[in-house]
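J.: Required output: the full structure, derived from the provided sequences and hints.
Protein chains in written order, with my numbering: chain A, 453 to 1532; chain D, 23 to 378.
Simulated from the structure, these hints should not be mistaken for lab results. Being a predicted model, the structure only gives us computed values, none of them experimental. Glycine included, each C-beta is placed from N, C-alpha and C at the ideal position. One or more hints might be untrue.
[What the hints assert, rightly or not] DEER-style ranges, computed between Cβ atoms: (1) A/D903 / D/D196: 45 to 53 Å; (2) D/G36 / A/Y1014: 50 to 58 Å; (3) D/D127 / A/D743: 17 to 25 Å; (4) D/G36 / A/D899: 44 to 52 Å; (5) D/D127 / A/E587: 54 to 62 Å; (6) D/A327 / A/D743: 53 to 61 Å; (7) A/G498 / D/G36: 38 to 46 Å; (8) A/E867 / D/T37: 43 to 51 Å.
[Claimed, not checked] Once the Cα atoms are required to be at most 20 Å apart in a straight line, the calculated SDA-like pairs of lysine to any residue come out as: (9) A/K909 / D/R218; (10) D/K152 / A/E796; (11) D/K365 / A/D681; (12) D/K28 / A/T936; (13) A/K909 / D/P326; (14) D/K152 / A/N999; (15) A/K721 / D/K222.
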Amino acid sequence: MTTPITNRNENVKKVLLLGSGALKIGEAGEFDYSGSQALKAMKEEGITTVLINPNIATVQTSDGFADKIYFLPVTPYFVEKVIQKEQPDGILLAFGGQTALNCGVELYRHGILSKYNVEVLGTPVQAIMDTEDRELFVKKLDEIDVKTIKSEAVNSVDDALIAASKLGYPVIVRAAYALGGLGSGFCDNEQELVTLVEKALSFSPQVLVEKSLKGWKEVEYEVVRDRFDNCITVCNMENFDPLGIHTGESIVVAPSQTLSNEDYHYLRKLAIKIIRHVGIVGECNVQYAFDPQSMDYRVIEVNARLSRSSALASKATGYPLAFVAAKLGLGYGLFDLKNSVTKETSAFFEPALDYIVCKIPRWDLGKFHGVRREIGSSMKSVGEVMAIGRTFEEVIQKGLRMIGQGMHGFVGNKELHVADIDHALKDPTDKRIFVISQAMQAGYSVDRIHDLTKIDKWFLHRLHNIIATRDELSTYNNIDEIDTELLRLAKQQGFSDFQIARAVLKDDMDNAEACNLKVRDRRKSLGIVPVVKQIDTLAAEYPAMTNYLYLTYNGTTNDVTYLHDHRSIVVLGSGAYRIGSSVEFDWCSVNALMTVKKEGWRSVMINYNPETVSTDYDMCDRLYFDELTFERVMDILDLEQPHGTILSVGGQIPNNLATRLDEQHINILGTQAKWIDNAEDRHKFSAMLDNLGIDQPRWRELTDMADIYRFIDEVGFPVLVRPSYVLSGAAMNVCSNTEELERFLKLAANVSKKHPVVVSEFIQFAKEIEMDAVAQNGEIKAYAISEHIEFAGVHSGDATIQFPPQKLYVETMRRIKKVSSQIAAALHISGPFNIQFLAKDNDIKVIECNLRASRSFPFVSKVLKINFIDLATRIMLGIPVERPAKSAFDLDYVGIKASQFSFSRLQGADPVLGVDMSSTGEVGCIGDDTSEAILKAMLSVGYQIPKRSVLLSTGSAKQKADMLDAAHRLHNNGFTIYATGGTHQFLSDNGIPSIQVYWPSQPDRHPQAIDMLHDHMIDLVVNIPKNLTSTELSNGYKIRRAAIDLNVPLITNARLASAFIRAFTTLSLDDIEIKSWDEY
Amino acid sequence: MLQARKATLILEDGTRFEGLSFGYEASTAGEVVFNTAMTGYPESLTDPSYEGQILVTTYPILGNYGVPPRREKDDVSEFYESDHIHARAIVAQDYSWEHSHWQADRSLSQWLTEEKIPGIYNIDTRALTKHLREKGSMLGKIVIEGTDDVDFYNPNLENLVAKTSCKDVEIHGDGDKTVVLVDCGTKHNIIRCLTRRGVKVVRVPWDYDFMTIPYDGLFISNGPGNPDMAQATIANIRRAIELGKPICGICMGNQLLSLAAGAKTYKLKYGHRSHNQPVRRVGSNVCYVTSQNHGYAVDQTTLPADWEPLFINMNDGTNEGIRHKTKPFFSAQFHPEASSGPKDTEFIFDEFIALL
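T.: In structure tokens, the structure reads:
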């Protein structure tokens, strides 16, 4: 046996790791997980680590993960600066998604890595380029006779047309060097091709036109290779949705279900052949199209880096791909490493699963105006869930509940309104799985659904089993009469208690919770309870002390022996990433776990999001990778019998369980359920504020239009309108006039006693302020007040936030503190909370209060360098805490949190910001002043400093005036200003020269704004809608959308635009200091 | 709800697992073993090495892709590893009543019924596997409701090699070189792997005196049960060793070659049956993922001085192959012919052919 030490590259003492920046569609939390694992691997080797990642909400940018953290953009410019300063020996490019990979390739091409003697660890850059450049890739695989999809690389629309006519329609278009299929799509004809290619060319110099293989199976293998040429495939996965739907948009199962042994190993062998030929050292994935009628295949692509799929595969198998890949990058062989689950057997092996997992994407398309609901070759989903079980029925039903959009599983849901089932099956949208349910209930056969969807019949038969069981349950009318074996079967097929109750009681479900409990009691009395199983990578072949668990009804014995020592603290995680809840709550959850453990308790996590660090079984003493429904949480609490349960660090999902868990006498740690309810219930909260004499915007819950008008007469337009039930589109809206109000309410739902509408006065030009704090027994122990750059009206999750505040009156701050203390005392808060305020002049009004950690907790914790979650967790554990000595007034630097939008992925969506959140991620950067911090932050979310020209179209008179200073600055700094009519006039009146451009609605006037965007003559677009009326929105829509589609930076808010312009006209790139977190 | 008949798996220590029947409805008995492979039930069921055993699949869902047709190609089965099912029964958590695959011509249930083999599902196979892992492989029986009970049956007391071996000499393929394949219960893919390489294969019964055949190389197949039962084969191999022509063995072949060389074998607690066994070539950094199916192993400390271990299991350190230090004799405990399982070690056949 060789000794491990000799294989390690001993020259590497300091390593730079590139992160992936803000979460965006196609690049989300999975890279926090892979980066964290890589850092852990380096740490274990005693290697110093330097991390560049502006995503301040991540776990990897926390204390204890990297030695040095730079909250800077992951771009060649900044990375070079950091390399210059830190002089690392090696660089890791594979752990930060496409962002890190692209940046690494650039650094390599420009000779920067060789200039500073930085060794690329793991897969060589040449191999990366061979897989990223389509033409090189095809050539490379041709060398070993591996079939790829016939495609032609083109650089122009004309060439694309020629290529497509040669291949024959339908064709698929892909942009090279783009993440998650950006700019990709299917084209059935020339017209569609021209539109798509033009757009794709704006992202990428090269576009690929390929023959479409719609309807083939899509299968993926995760492959690992060490430098000794030893290879393993850790996992294979099969898409439920056949080719044509991006793998990130597909329901995916692991392992494959419809491949025979011959199929499986044929593709496995090819994957190994490919990885060897390409020369990967570490991990890559190989995606195949596989003919359902023969063994014909095509390689779709190879990702020479950790990916969303590899994160999923790690969670699906328990094999830590990123950790192992990082070690292989240091020179180790797979044979040197141990299986991290068994700790005894070798890491050179292929996991054997004795369960099935199912990944389901989470879309939030309802949040966007104008977006197309069809799913296809480009990714639109914002998150995903993974369900684990022992039958397909069980995992699909679990998964459909986990995505958290009010669905109860495959059946038992509110009926979907599908106009044309055939069409909805054939042209899939985010709702297709529910359309299949509807079709089956309408009597469609498996064959017919297969013909329309090309989904393998195996999956469809399995889904049909669920329908059959539902039908059989429906023959009963009383929960006590359900046949025992049928009840057991339903649970084995993943039915929730609610689904069973609904199938039996039909419309007789006035008190759903009571009905659920009735089912629960009945089945518990019959001994029908789930069992806990371990994920051990070897299907129980070897003993494993694994803490990675799931629950299933397909089994009779628990793998875990419970001590019932009441030493467990259960922390409920945050579920699927979605707009409004993502990595920030993972950070909170992980930090709570760490504190729980540090304080000597058994840390227990429940969560089901494969993209997270909290679902890394290394992070806690016990991980239940399972649902966060009341039913499942109760199942786990029944088994675990913990000392207490923490609901306040995982966002809204756990928070919503408070009352029901309390009714079951669960010990909720921290603020008690009654007080949570007092904050959540609008009426109770409002009454409390009135009692305390705290001001709030006037609001009313109303049930008919006459009352709504009467209320508006009182408060005046604009108003904020929140219907309680929404059919489609945004959940709330600002209405400026009668026409808008009626249109919105008609679109949303009818107003009725059953569906009241909440109407609030909307205060314009008010500042929005956040109070993030931690209290103990109603007394605030730590707090952070931060201000929004934008005026109120932009959702707090989309706003640019500044901490500590730079422009608040001391008086305002004092009032906020006072009001917060009153609320904390009144609600007996023990733990984290957040209050949002409006401030105008010195008046403050409370908009909202959440008795849980908020989105900005990691940001303020890291800027202030006081870990609010650690503090809150200690409080929840009942440990006396000291008030931290430091306050925000002591900081001589500024933090800016900026939002990342993914509009480029959401075809058709209007990229305008409003009261509903639309950002998918965020960054947080620190600077010596606002301008420096804002410049870093804006560059981090993809803005560029304009070189020559800016297009201004600045909305109402007030907004135009607000932007006058910025316009002056642009002019004085030599920028060419293009402006639309009104703005042009306003600028002339104020002595600022500009060139007038015309709206699309004035087609015979020139120059046209959109033409100029197409011709890349504009470097930045500032387009501010006057108000939110439909005419105004549609007028600017085309320009905004064109900016997004042509990859030109766009700002739609006057105050943010001013701040950004001020920043880049006072500072240049060179002025930005390269300082790590600890240097502030 | 589907009305399947109740079936109970009873282990010799009295442990019971209640499930449902999806195969042939008659009770049966055998040695209960588990396999952690996630695919390959048609191959496994027809693998003669499972003779007398009740096969538990740890992968919970069984039967998804049905069963390929019973067809012959070049005098061997095209899709199976022998001409009939050797396992006594198959046990899973969940069964796919509806299958889907372009090659399938019937369901697993139909096939089992045709071959009179019981299959049961709705069994906590993970609990069962852990039980077998802790207590070791043990005897068991499946009693199907409404059918007659049976006695426990221990296949290891029988000469299973004799039972599964061919009865007459057969010729497969054609070529300049002749390989004698001693059929101890050979999988058809061993024959396919040899003939594909352009040699003439003379397949002989386990106790056949192959020294009477002029051969260029000797190949000893896999097979079921206790290698000590195949004394006749061991005696013949000893003579072949003296002759000195190339010898290769797989699985049972590895054990028989070791016994012939003078080493000893022993029964593993619960054997290796999976597609993911890591094996390292001794003295190198070269590792392979292998397919395995064996209950006995070679005690490599008992190898004579002129022999050495060729491969080692990276998980438990057991022997995975031996070779003679100077002469062209080597063998593998794993299955280079795969089927089912990974095909990473097929080079064993190339190495053997190169010696001829």
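J.: Look at each hint and say if it fits the structure.
T.: Comparing the hints with the structure gives:
1. A/D903 / D/D196: 45 to 53 Å: holds, 47 Å
2. D/G36 / A/Y1014: 50 to 58 Å: violated, 25 Å
3. D/D127 / A/D743: 17 to 25 Å: Given a distance of about 19 Å, which is inside 17 to 25 Å, the answer is holds.
4. D/G36 / A/D899: 44 to 52 Å: holds, 47 Å
5. D/D127 / A/E587: 54 to 62 Å: This hint is violated: roughly 43 Å between Cβ atoms.
6. D/A327 / A/D743: 53 to 61 Å: Since the Cβ atoms of D/A327 and A/D743 sit about 55 Å apart, the hinted range of 53 to 61 Å holds.
7. A/G498 / D/G36: 38 to 46 Å: violated, 53 Å
8. A/E867 / D/T37: 43 to 51 Å: holds, 47 Å
9. A/K909 / D/R218: violated, 35 Å
10. D/K152 / A/E796: holds, 17 Å
11. D/K365 / A/D681: Holds. D/K365 to A/D681 sits at ~16 Å (cutoff 20 Å).
12. D/K28 / A/T936: holds, 15 Å
13. A/K909 / D/P326: violated, 57 Å
14. D/K152 / A/N999: holds, 16 Å
15. A/K721 / D/K222: Violated: A/K721 and D/K222 sit about 27 Å apart, past 20 Å.
Consistency note: the structure conflicts with the earlier hints numbered 2, 5, 7, 9, 13 and 15.
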